[in-house]
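Use the sequences and the hints to build the structure in full.
These are the residues of each chain, in order.
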Amino acid sequence: MSHGPADDAIAGRAPGDRPVLDPALAPPFPIAALPVLRNLQLRKNVAHATDVIQAKRAHLVAEKTDWQQLRTAAAGIRTHALENLGAYLEQFEARCTAAGGVVHWAADAEEARRIILELLREENATEVIKIKTMTSAEIQLNPFLEADGIRASETDLAEIILQLGNDEPSHIVVPALHVNRGQVREIFARTMGLPELTDDPEALTAAARNYLRKKFLSVPTAISGANFLIAETGSVAVVESEGNGRMCLTLPRTLITLAGIEKVLPRFQDLEVMLQMLARSATGERMNPYTSLWTGVRRGDGPQNFHVVLLDNGRSAILARERQRQTLRCIRCAACMNACPVYRQTGGHAYGSVYPGPIGAILTPQLTGMRYAKSLPYASSLCGACYEVCPVKINIPEILIDLRAQVTDQERHEAVRLFDPMYLGMRIANLLFARAWLFHAAQRMARIGLRVFTQRDGWIHSLPGMGAKWAQSRDLRGLPRQTFHEWWARRKEVK
Amino acid sequence: MEAQYSDSDRWLYCIAVMRASLFITCYNDTLFPETGRAVVRLLERLGVELDFHPRQTCCGQMHANTGFRAEAFSQARRLVRMYQDVDALVIPSSSCVAMMRDQYPALLDELGDEPLRRQFDALLPRVYELSEFLIDRLGVDDVGAYFPHRVTYHASCHGLRSLALGNRPSRLLSKVRGIQLIPLANIDRCCGFGGTFSVKNSEVSSAMLAAKLQDAFETQAEYCTALDNSCLMHLGGAMHRQCAGMKTIHMAEILASTQDGEAQA
Amino acid sequence: MSASSRQAILDRVRAATSATAGDHAQLASTYSVLPYPYIHAGKLDAAARIALLVARLREYDAEVVECMGGELPAAIAAQLAASGRHSFLAPPGLPAEWLASGFEWKIDRGLSAEEIDQADGVVTAAFCAIADSGTLALHHSPGEGRRVLTLLPDWHLCVVRASQAVETLPEYFARCPSPPPALVTWISGPSATADIEMTRIKGVHGPRFLHVILVHDEPIHDKEKSPHHSLRLKEAPHFD
Chain A
96 MSHGPADDAI AGRAPGDRPV LDPALAPPFP IAALPVLRNL QLRKNVAHAT DVIQAKRAHL
156 VAEKTDWQQL RTAAAGIRTH ALENLGAYLE QFEARCTAAG GVVHWAADAE EARRIILELL
216 REENATEVIK IKTMTSAEIQ LNPFLEADGI RASETDLAEI ILQLGNDEPS HIVVPALHVN
276 RGQVREIFAR TMGLPELTDD PEALTAAARN YLRKKFLSVP TAISGANFLI AETGSVAVVE
336 SEGNGRMCLT LPRTLITLAG IEKVLPRFQD LEVMLQMLAR SATGERMNPY TSLWTGVRRG
396 DGPQNFHVVL LDNGRSAILA RERQRQTLRC IRCAACMNAC PVYRQTGGHA YGSVYPGPIG
456 AILTPQLTGM RYAKSLPYAS SLCGACYEVC PVKINIPEIL IDLRAQVTDQ ERHEAVRLFD
516 PMYLGMRIAN LLFARAWLFH AAQRMARIGL RVFTQRDGWI HSLPGMGAKW AQSRDLRGLP
576 RQTFHEWWAR RKEVK
Chain B
133 MEAQYSDSDR WLYCIAVMRA SLFITCYNDT LFPETGRAVV RLLERLGVEL DFHPRQTCCG
193 QMHANTGFRA EAFSQARRLV RMYQDVDALV IPSSSCVAMM RDQYPALLDE LGDEPLRRQF
253 DALLPRVYEL SEFLIDRLGV DDVGAYFPHR VTYHASCHGL RSLALGNRPS RLLSKVRGIQ
313 LIPLANIDRC CGFGGTFSVK NSEVSSAMLA AKLQDAFETQ AEYCTALDNS CLMHLGGAMH
373 RQCAGMKTIH MAEILASTQD GEAQA
Chain C
3 MSASSRQAIL DRVRAATSAT AGDHAQLAST YSVLPYPYIH AGKLDAAARI ALLVARLREY
63 DAEVVECMGG ELPAAIAAQL AASGRHSFLA PPGLPAEWLA SGFEWKIDRG LSAEEIDQAD
123 GVVTAAFCAI ADSGTLALHH SPGEGRRVLT LLPDWHLCVV RASQAVETLP EYFARCPSPP
183 PALVTWISGP SATADIEMTR IKGVHGPRFL HVILVHDEPI HDKEKSPHHS LRLKEAPHFD
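Protein chains in written order, with the working numbering: chain A, 96 to 590; chain B, 133 to 397; chain C, 3 to 242.
Under 7 angstroms between C-beta atoms, here's a sample of chain C residues computed to sit facing chain A:
| no. | residue |
| --- | --- |
| 1 | R8 |
| 2 | R14 |
| 3 | A21 |
| 4 | Y40 |
| 5 | S135 |
| 6 | S190 |
| 7 | G191 |
| 8 | A194 |
| 9 | E199 |
| 10 | T201 |
Simulated from the structure, these hints should not be mistaken for laboratory data. Even for Gly, the Cβ is constructed at its ideal location relative to N, Cα and C.
In structure tokens, the structure reads:
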């Protein structure tokens with residue numbers, strides 16, 4: 096493989112052109128998807144990776160005869176935890192504090208960043224090592240810390256690839272799945288000063304091991320996320336594969352865990368359900384290599400200063416909407432994005448959020464209070480593959496439709512919508528569908544009107560307005576001379 | 133032709149007095165009347181006394197799925213009232229049946245119209261997608277059809293997941309005389325239609341379509357069939373654009389075909 | 003920390019769920035009726051359970067050998083010798099006869115991370131092994147070591163007794179003490195990643211080599227006491 100200067104652009108991006116994952120700044124999904132759709136290498140990488148995980152997942156789920164029962168139990172536990180979130184958060188706080196941890200509460204991203212920065216300043220930290228945490232990406236922690244002179248070093252292999260490659264995550268479990276081995280080689284060779292590096296994944300992995308080992312042994316502060324918070328015990332659980340998580344959780348003097356308030360499970364034993372599903376759903380393994388659970392501080396074992404930052408940042412508002420509350424059941428397995436035929440074509444960056452795919456399409460706009468990312472609820476064909484694989488039974492298509500209704504209700508009274516072809520069309524269609532005679536008249540008019548566009552072969556090859564979007568890649572058969580109801584009426588007359 | 137039925141005359145007796153009403157759906161009425169004619173031919177051949185409500189229009193799916201809930205309310209209300217007295221409602225479109233099963237309950241609850249909700253609850257068990265009606269209600273999988281062509285079956289997402297049609301389509305197709313069925317790879321992957329998705333996200337939709345077409349073309353079938361003309365409009369439109377030679381056909385039309393040809397009712 | 007944010011979040015959460023503070027009895031009763039229809043107890047006999055455990059451990063690249071109780075010290079010595087390594091670590095509480103002679107041993111009584119990092123390997127016991135997923139569970143009790151001990155060395159030998167093997171994850175939870183352990187590490191095969199093109203690569207940051215010795219306490223035939231613990235205990239939770 097050749098690695099010319101063009102490879103400098105990760106997966107085909109123009110150099111320095113970093114994907115925008117801030118919902119307030121990102122372009123709408125259909126626009127953001129365009130450069131990706133032209134990037135055949137990236138689409139190939141995404142399709143390959145998602146096909147592999149999906150096949151492995153399907154195999155392991157088929158082997159598990161009680162999978163549907165586990166889904167029922169998991170959904171039940173998560174629903175119960177959310178319905179009683181206040182009590183469980185307080186219980187978690189009390190138990191964690193009793194075990195020597197310090198619990199902080201952050202109403203929004205800004206407050207969470209400030210709390211973490213203050214904690215790091217108390218430690219006089221100049222560098223902090225991090226386990227992959229989507230929540231820290233959600234609050235854009237790294238650039239904030241770097242602006243304050245604290246280097247945030249990612250330690251997950253995929254996150255290193257992205258950090259060194261000036262790229263952004265495109266998946267919540269395998270964040271660099273849009274990058275292939277040749278591209279990883281190029282990034283590592285350039286940034287680690289290893290011109291002889293080959294594109295063998297073993298060699299690349301070894302390079303990352305050597306690069307990080309010194310950091311693990313020397314940097315005294317770490318930041319992690321949490322897969323689960325256990326209310327009963329005040330424990331935190333983190334699942335991972337590489338061991339970088341265990342490094343961050345045990346070697347430093349100070350550990351700060353950032354967790355969304357929705358991550359609470361009532362009991363330790365609830366893990367018997369969640370952890371039978373998480374790895375199978377996420378990576379197609381019966382169990383991920385490492386699962387760590389710790390409770391506050393233990394003398395002589397692991398960090399002696401432990402802080403948990405509980406983050407709201409829009410979650411309590413989602414909780415308040417009863418039909419959409421199920422969004423918060425999510426355990427971040429990413430099975431929905433692996434199964435999604437839209438994600439398969441676009442990868443994650445087009446979603447303009449650290450949470451891509453179907454779960455991102457419902458979570459992102461809700462986290463912004465429906466102020467941004469309003470194109471995401473439409474970034475789905477509603478095929479239902481996401482719901483089918485979701486281990487906690489989040490009915491994503493139903494929520495997508497609810498959010499579309501919310502967007503429409505926000506927009507429908509805006510003056511500009513009077514001329515919006517979608518709104519106009521929907522309003523007219525509603526008038527027609529309410530009265531059969533009007534509907535039938537419209538059918539006849541359409542039959543005449545479309546005749547202009549109908550070619551001699553009886554098909555329409557190009558259309559104006561919104562129809563042009565259809566005609567981009569598809570013809571439309573010209574309208575038949577007789578509708579079905581006309582045929583039926585005539586048939587009855589003849590009889 | 134009689135000989136074709138010899139192994140299954142029991143059902144002829146069972147369904148002798150079956151009555152059903154046909155909800156053709158707005159887009160089939162306008163764009164695919166041949167599907168409706170095929171359903172009539174098929175069901176009448178099977179002895180069903182078919183009725184058609186002339187004032188029917190739309191189930192509201194397009195509005196609901198695009199976020200126009202208020203508009204979907206009025207269509208749901210209209211449809212439930214229109215069909216409250218039917219013995220059975222047959223709909224040759226899996227997505228419209230899915231609309232009623234998945235979305236009407238919440239819509240009607242939101243409307244807060246208790247009597248309407250009760251009417252709907254009473255109606256719902258009598259609502260059938262075409263293949264459900266044939267297999268579950270009529271108890272027949274051999275409909276005496278003849279279709280000597282290579283055919284591949286595309287499972288629409290709504291049929292596959294919402295209605296869980298399972299092996300009903302393949303049971304029906306496998307009993308068709310002369311047919312050569314070729315399985316479609318990645319049958320559980322969406323074709324990219326998704327209603328207004330195909331316009332709002334036209335480029336992504338087209339990319340999904342291209343992937344589906346590739347699988348379809350690899351079957352080398354003459355026809356791609358489905359229980360939903362919306363997918364077929366999408367697939368067929370692209371096949372025509374690409375001069376691919378493969379055609380789309382609603383499964384009702386295959387099941388309605390007989391050896392003595394297109395006997396127009 | 004902002005005390006007002008704490009109150010504000012809790013108020014918003016309570017308003018959102020229309021739950022009232024402090025109704026713990028109600029909470030325990032709604033928890034107790036949650037559905038848990040999945041499989042709890044395994045169906046395999048002892049021999050099949052061990053066979054499954056061995057197969058699943060091997061599937062994820064762990065090396066497994068089996069031996070009888072009396073052969074354990076010799077089996078450990080053989081594994082150490084075969085590794086070609088010399089300096090090993092052991093946690094306090096490991097039986098003295100496991101520390102085979104001819105190798106350099108350091109007992110972890112507060113070793114520094116650097117000292118641990120420099121060792122060639124580590125030998126520990128475990129709390130439990132779960133056959134279904136090929137998982138070793140460490141609760142970091144005596145004999146199992148601090149968390150860092152099984153992390154930095156590149157080679158980990160873990161000794162598991164057949165009586166410690168369960169078939170399903172719920173059976174493991176049924177064996178867990180009450181109150182639950184404060185520190186838990188589950189290990190399923192050596193450290194791995196699939197971050198590059200979904201190719202599973204062994205050994206990123208944790209030990210690249212995981213060896214398991216499975217000890218049969220007596221000749222294999224099913225004399226196993228079936229666990230009579232109620233599998234999912236539903237007693238009321240204790241609130242502070």
